[in-house]
Amino acid sequence: MRLAQHMAVASDKVTAVAIEATEFPEMSHAYRVSAVPKIVINDRVEFEGALPEASFLDAVLRADAPAAS
Amino acid sequence: MPILASRDQDAVRNEFQRIQGPVKLVVFSQELVAGDLCRQNEQLVREVAELDDRISVEVLNPAIDRERAEGYGIDQVPAIVVEGARDYGIRFLGIPSGYEFSNLIDSIIVASSGDAQLSEATKSSLAGLTGDVTIKVFSTPT
Chain A
1 MRLAQHMAVA SDKVTAVAIE ATEFPEMSHA YRVSAVPKIV INDRVEFEGA
51 LPEASFLDAV LRADAPAAS
Chain B
1 MPILASRDQD AVRNEFQRIQ GPVKLVVFSQ ELVAGDLCRQ NEQLVREVAE
51 LDDRISVEVL NPAIDRERAE GYGIDQVPAI VVEGARDYGI RFLGIPSGYE
101 FSNLIDSIIV ASSGDAQLSE ATKSSLAGLT GDVTIKVFST PT
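Chains as they are written, first to last, in my numbering: chain A, 1 to 69; chain B, 1 to 142.
Incorrect hints may appear among the rest.
As the list claims (entries may be wrong) - Per label pair, the in silico range of CB-to-CB distance:
1) A/Thr22 x B/Ala127: 13 to 23 angstroms
2) B/Glu70 x A/Glu26: 29 to 39 angstroms
3) B/Gly114 x A/His29: 12 to 22 angstroms
4) B/Asp10 x A/Ala54: 29 to 39 angstroms
5) B/Asp8 x A/Thr22: 19 to 29 angstroms
6) B/Glu67 x A/Ala35: 31 to 41 angstroms
7) B/Asn14 x A/Pro25: 12 to 22 angstroms
Read the hints as simulated data drawn from the structure, not as lab findings. Fair warning: this is a prediction, and the values are worked out from it, not measured in the lab. All C-beta atoms, glycine included, are put in the ideal place defined by N, C-alpha and C.
One chain only, chain A, in its complex shape (with noise of 0.2 angstroms):
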C-alpha cells in the first residue's frame, strides 16, 4: 500500500484502496485473491506480491492506457 498511497497523493487521478481481505472475502472471491499483497490496478491490471516502485509505476501505466482494439 506504501508505494499506492504515495501515487495518490502525487496525482489527482490515483486513489489508493487497501483492503483487509479477511474482513471483505466477498470482495475477496470477486478478485480471485489467493495470496497477498495483491494489487489491482482498475480491475484490469494486477499482480501479487511487492513491485519495485518502476514495475509498480509501469503496471500503473498500463492500466491507464486505452484498451487495445
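Since chain A is already given, all that's left is putting chain B on it; use the hints.
This is chain B only, laid out in the frame that chain A set:
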C-alpha cells in the same frame, strides 16, 4: 482496554514528529452492518489521533451521511479516509492492523505534507496519466 500498547504509542509518536500539517481521519461506521469491526476500527483511529494534536477524527455513517459517503466513494464499512490539505484519495477498508497499520501511519505523514516520497521520474510519469486510476491493495493482518 487500549489496542495500542504503550511501546507502540511511543513508536508512532516518534513517527508523527514528521507530520507537517493537519490531517483528518474520516471514519465510516455502521453498527448494523459490522458492529464489532466498526467499533474496533473507530477505537484504533481514536487512539492514533490522540497521539498528535494535528490529527482530527470525524465519524460518519454511510446509511445516514449518504452524500458524504458517496462523495468519498465509500460503500463498505469499516472504512477510513486519510485527508490532508485536501482529499488525496487514500482509503482503508477494514481495520488497518499488522502491516497495514504501518501504512496508515505513513499515509498520515504523507497526507500532512502532500509531498509524495517517489522518484522525480515516477512523479513526472504520473503527471501524464490520462484517466482516473484506482489501485486496490489486498492484504491480511499477518
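Do the hints match the structure? See the list:
1. A C-beta distance of roughly 36 angstroms is found between threonine 22 of chain A and alanine 127 of chain B, which places it outside the suggested range of 13 to 23 angstroms.
2. Between glutamate 70 of chain B and glutamate 26 of chain A the C-beta distance comes to about 20 angstroms, which lies outside the given range of 29 to 39 angstroms.
3. Under the hint 12 to 22 angstroms, the C-beta atoms of glycine 114 of chain B and histidine 29 of chain A, about 36 angstroms apart, miss the expected range.
4. Roughly 35 angstroms separates the CB atoms of aspartate 10 of chain B and alanine 54 of chain A, a value that falls within the hinted 29 to 39 angstroms.
5. A beta carbon spacing of about 21 angstroms between aspartate 8 of chain B and threonine 22 of chain A agrees with the range 19 to 29 angstroms that was offered as a hint.
6. In this structure the hint that glutamate 67 of chain B and alanine 35 of chain A lie 31 to 41 angstroms apart at CB holds, the actual value being about 37 angstroms.
7. Distance hint check: the CB atoms of asparagine 14 of chain B and proline 25 of chain A are about 36 angstroms apart, inconsistent with the given range 12 to 22 angstroms.
The structure does not agree with the numbered hints 1, 2, 3, 7 stated previously, though it agrees with the rest.
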